[in-house]
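Protein chains in written order, with my numbering: chain G, 1164 to 1547; chain Y, 27 to 367; chain D, 33 to 200.
I should point out that these hints are in silico values taken from the structure, not numbers from a laboratory. On a predicted model such as this, the values are computed, not experimentally measured, just so you know. Hints are supplied without guarantee of correctness; some may be wrong.
As the list claims (entries may be wrong) - Subject to a maximum C-alpha distance of 20 Å in a straight line, what follows is the list of computed SDA-like cross-link-like pairs (lysine to any residue):
#1 Y:48 - D:65
#2 G:1180 - D:46
#3 Y:71 - G:1406
#4 Y:48 - D:61
#5 G:1180 - D:48
#6 Y:48 - D:176
#7 Y:48 - D:56
#8 Y:48 - D:107
#9 G:1180 - D:44
#10 D:197 - G:1416
#11 D:197 - G:1414
#12 D:41 - G:1406
#13 G:1268 - Y:30
#14 D:197 - G:1317
#15 D:46 - G:1414
#16 G:1268 - Y:71
#17 D:197 - G:1281
#18 G:1314 - D:198
#19 D:197 - G:1184
#20 Y:48 - D:57
#21 G:1180 - D:47
#22 Y:48 - D:103
#23 G:1314 - D:191
#24 G:1180 - D:43
Claimed, not checked - Covered stretches of chain Y (chain G as the covering partner; in silico rule of three or more C-beta atoms under 8 Å from a C-beta of chain G):
#25 83-89
#26 111-120
What the hints assert, rightly or not - From the structure, some residues in chain Y lie toward chain G, with a derived Cβ separation under 8 Å:
#27 154
#28 220
#29 252
#30 357
#31 366
We put the beta carbon where it would ideally sit given N, CA and C, even for glycine.
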Amino acid sequence: MNRCAVVGIGQTRHAQKRTDVSIAGLCREAALRALEDAELTFRDIDAVVLGKAPDMFEGIMMPELYLADALGAVGKPMIRVHTAGSVGGSTALVAAHLVQAGVRKRVLAVAFEKQSESDAMWALSPKLPFQPPLMAGAGGYFAPIIRAYMKRSGAPDEVGMLVAVKDRLNALKNPYAHLQMPDITLDTVRASPMLWDPIRYLETCPSSDGACAVVLTDEDGGRRAARKPAWLWGAAMRSEPTMFSGRNLVDPRAGRDCAADLYAQAGITNPRQEIDVAELYVPFSWFEPMWLENLGFAEQNQGWRLTADGVTALDGDLPINPSGGVMSSNPIGASGLLRFAEAALQVRGLAGAHQVDGAKVAMGHAYGGGSQYFAMWIVGSEPR
Amino acid sequence: MSARREVAIVSYAQTSFAPHTKLNDAELVMEAVTAALERAQLPRKQIGFCVSGSSDYLTGMPFSFVGALDAVGAWPPIQESHVEMDGAWALYEAWVRLLHGDIDTALVYAFGRSSLGDLQDVLVAQLDPYYLAPLGVDPNSLAALQARALLDTGRASERDFAEVATRCKRTAGGAPLDAPYVVSPLRAHDCPPVNDGAAAIVLAAGDRARALCKRPAWIRGIDHRIEAHSLGARDLTRSSSTTLAAVEAGVHTAPIEIAELHAPYSHQELIVKEALQLGDGVRINPSGGALAANPLMVAGLARIGEAAQQILDDNARRTLGHATSGPCLQQNLVCVMEASS
Amino acid sequence: MSDGGADDKIEIVKGFIAPVRLRYTVNAGRASSRFLRGLTEGRILGQRCPVCHKVNVPPRGACPTCGVPTEEDVQLGEVGTVTTFCIININFDAKARELPYAAASIVLDGADTTLFHLIQEVPVAKVRMGMRVRAVWAAERGPSLESIDHFKPAGEPDAPYDSYKDHL
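Just chain G, same shape as in the assembly (with noise of 0.2 Å):
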């Protein structure tokens, strides 16, 4: 397998409505300054790879079409990968493919989400015939699963909402984030609405319109880069149905079978001291102690000390979301892409003032779906 580097990253402006933006403008924001970074053209490109969620969150069947000209993708290949959630995630894994494959040396992956051009809420919640319609949106889907990790870790109550905190104030370090909320506390996340019991309204992310690029290049292409090129170590992906029996909501199988893969590439045998910085994707404020079980950085029900005893903030020994994750900025389809990007700023110490102090291993983290896709790459400042 050919080695394979990321040398460029751009994103948007992530807001509730990029009004003054096209779809096509949302997306070649993130693009060029992707293009930029790496000091590229989309002359340069050998193929484009498109992500987003669903095309109802647009109302545009297979955008990837109207998009191949702002995507400079005309004359070339062009990919629209479709997994959930992950989606973000699998667009630079299948984006990493063509180069660790030696098909292609130079792949721009995009993915972008505006739901403010259609009604999303409407796109995931459809009035389905046969279901009585119950969940009211994805909260009601993952609510009782925070429950069972609640009841089966002991977790205190404050867990969820200091995750909460933490994401919002890395969130003022990151000039592209959505939400900036320099007086949020403990007592304004208690006080917020409970929307989904356990969940309350500001331990959940926010729908933001954003796109995330990322250029990624073969081994010449890294050693050859403007800046300091992020190295792919390990990329993996997994999926397990939506529904069955004896399924582990709360601590899925896919999810550390994927994290057992990826360290297998990337030769972690101890994640927790090994990786210096991690972003996970964590839509409500609770996955961040589960994800930390299902990935191996804690024992199982022990995930959450990792949070309360500040383990996981920016100053911490293994810094989550320094970017201020999903709970800060929530382009769906981009969003798994962000995970991995910052992932890959972290390492090529690119960060600005998120930044993590002397990171040279990092994690890019995505999952979707009824917590049954994940995508997951490990990143280093050098060559593995």
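Based on the hints, put chains Y and D in the right spot on chain G.
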């Protein structure tokens, strides 16, 4: 570039492509996948990588591919991906993944039920959302624009369209030129039927392919390209992306015996054939092609499957499968297969 | 990103409405149709996998872990255990419910997967994991899970955590 790993299609299966199925997506996929795996004698749990193609807009439901995963038996968890495209592009992704060398087999499937909505309305959603979709231009009208442009060049006639239709649809008495236009210059025989269905292909690399199959269809080249979306920005009578993909896939390095072209409209077969520079000796669409059955998201993968089957069945040594996506042949994929590795 | 110059004099168009209306027919497929017909008749049907023998409800014609077709219908009891739940304080839907309400994952006796449904006839604060609940049929039944109006407390002692911990 270093020598690439050899990858072959070792089995192909499809459901019937009926106008209206009684099955749901998972049940359709189950039928196709089970048949393809049985033909390859490959147990489900030995599949190295799985990737599918489908579109939510056909069923009118977000995440429609998630339910179809039930047919695969994704437990223990599997390495799996999905493209919101025709399954032919899923096959491309699987081919790329097999080149990595760490896994030896892949399952590709595609499914689509075009019968649930009205395609003439649904496919409008595929157009530029600001300038084209609000006009409500339906796919038949877009194809008619292209057909008219081709007639105006003098490179083809309505009789040529009818000949393609007669061969593909095997209609008794041929396709009558006195039939009324659906959208001038296209008649009913020039337009694709509406079909539901699923198809599955098993891929394997190197010795694993030889072990699974007596006569694998080795992928000698595969490439795909996209063109500008705006119809005004391209020559609709040529398929430059097909030509480019054909060169990259090595179509012209040796004669092609059988070609399965994904041309939903009769005039598009003429355009694609010309873009591929296929001579008159090449058998085109013995399966009937997309004019005989056009399950959206499946029909392109089915072309590759049919072309591979000709090699698996020892009817040909070198075949070509082609897939298209988007209005007026915007995006095209070409796959060249051979009997000898 | 501004290009400057004459462009700056243009008032940017920030949106227009392009209504889309698409009509779809529904085709539930074989297995779901059997399940939905069962609900019309007041029966909850699951399907047993011929390989792992687990009973899936709602059935989808395939065993999701074994990847084999499922054919054998199994009639399930109307009583089950709440494995986990949430309390919803927000209405997303045109058909407003009285807030708050509890929605729960319920593993029915004889089933190996959970159904998601409404819990009523009990204050939301009393809903708990392990609670035993019984289906209450709607006055009018049709091919829909709405044929079950809600679940109510079954009046049985709670199930121990170990009995449902694999259905979270």
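- Query: Which numbered hints turn out to be false for this structure?
  - Reply: Hints 8, 12, 15, 16, 17, 19, 28 and 31 not satisfied by this model.
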